[in-house]
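Chains as they are written, first to last, in the numbering used here: chain F, 99 to 214; chain S, 539 to 652.
If you're looking for bench data, these hints aren't it; they were derived computationally from the structure. Note that the Cβ used here is the ideal one computed from N, Cα and C, for glycine as well. Check each hint, because a few of them may be wrong.
To be verified - Some chain S residues near chain F, calculated using beta-carbon distances under 8 Å:
| no. | residue |
| --- | --- |
| 1 | Arg581 |
| 2 | Pro582 |
| 3 | Leu584 |
| 4 | Gly593 |
| 5 | Glu594 |
| 6 | Phe627 |
| 7 | Gly638 |
| 8 | Lys639 |
| 9 | Leu640 |
| 10 | Phe642 |
| 11 | Gly643 |
| 12 | Gln644 |
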Amino acid sequence: GAVVSQHPSRVICKSGTSVKIECRSLDFQATTMFWYRQFPKQSLMLMATSNEGSKATYEQGVEKDKFLINHASLTLSTLTVTSAHPEDSSFYICSAPGTGAHEKLFFGSGTQLSVL
Amino acid sequence: GENVEQHPSTLSVQEGDSAVIKCTYSDSASNYFPWYKQELGKRPQLIIDIRSNVGEKKDQRIAVTLNKTAKHFSLHITETQPEDSAVYFCAASLGSSNTGKLIFGQGTTLQVKP
Numbered sequence: 099g100a101v102v103s104q105h106p107s108r109v110i111c112k113s114g115t116s117v118k119i120e121c122r123s124l125d126f127q128a129t130t131m132f133w134y135r136q137f138p139k140q141s142l143m144l145m146a147t148s149n150e151g152s153k154a155t156y157e158q159g160v161e162k163d164k165f166l167i168n169h170a171s172l173t174l175s176t177l178t179v180t181s182a183h184p185e186d187s188s189f190y191i192c193s194a195p196g197t198g199a200h201e202k203l204f205f206g207s208g209t210q211l212s213v214l
Numbered sequence: 539g540e541n542v543e544q545h546p547s548t549l550s551v552q553e554g555d556s557a558v559i560k561c562t563y564s565d566s567a568s569n570y571f572p573w574y575k576q577e578l579g580k581r582p583q584l585i586i587d588i589r590s591n592v593g594e595k596k597d598q599r600i601a602v603t604l605n606k607t608a609k610h611f612s613l614h615i616t617e618t619q620p621e622d623s624a625v626y627f628c629a630a631s632l633g634s635s636n637t638g639k640l641i642f643g644q645g646t647t648l649q650v651k652p
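Just chain F, with the same shape it has in the complex:
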């Protein structure tokens, strides 16, 4: 099956700093990737759709200037949480549709962000 790699797995940062999370499709190309956010014991909430070579599209209520997304190549999408605050602490997880059956999503391993 398709493999999606996500780094880092865990990050602790001070309030006001920026954090970059990388999502890579290892054995396939992904023109589209999705970024989700998950609070403890809650569901996955779609934040934005990352599009290779064009601007990301954000879901309602998600600040695009807060969560910068870059999809510079067919295998890499990055999410940067700018000027992080404690309320941004969460589990961030990316996903990409596999080849063939486009609708099947494969998830990265997730990044646990803790902002002090």
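Since chain F is already given, all that's left is putting chain S on it; use the hints.
The following block gives chain S in isolation, referenced to the frame of chain F:
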């Protein structure tokens, strides 16, 4: 906006019993319905999925049923084992499956007691 409702939020069964998790969706254009299993702190893993042109699909101890008219779909796990304990999420495609976007249910924490 579109949403997916999932019930129950927690489910406890004895090993060997069956477990059923139910979901309803609101987007009449949804045509793809996957189920994911997520263990604590790990990525969701696709366990089974169904498309809207099929009413039922089975894979060993796991089955999914879909009632498109009622906008209901369910996950059935038979002969449960302790390793089935995890959080299960249903999802529905937002619009047609071509977009790749999924709307997730709230999750069900399944506990299988030995």
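Hints numbered earlier in the text: which of these fail when held up against the supplied structure? 4 and 5
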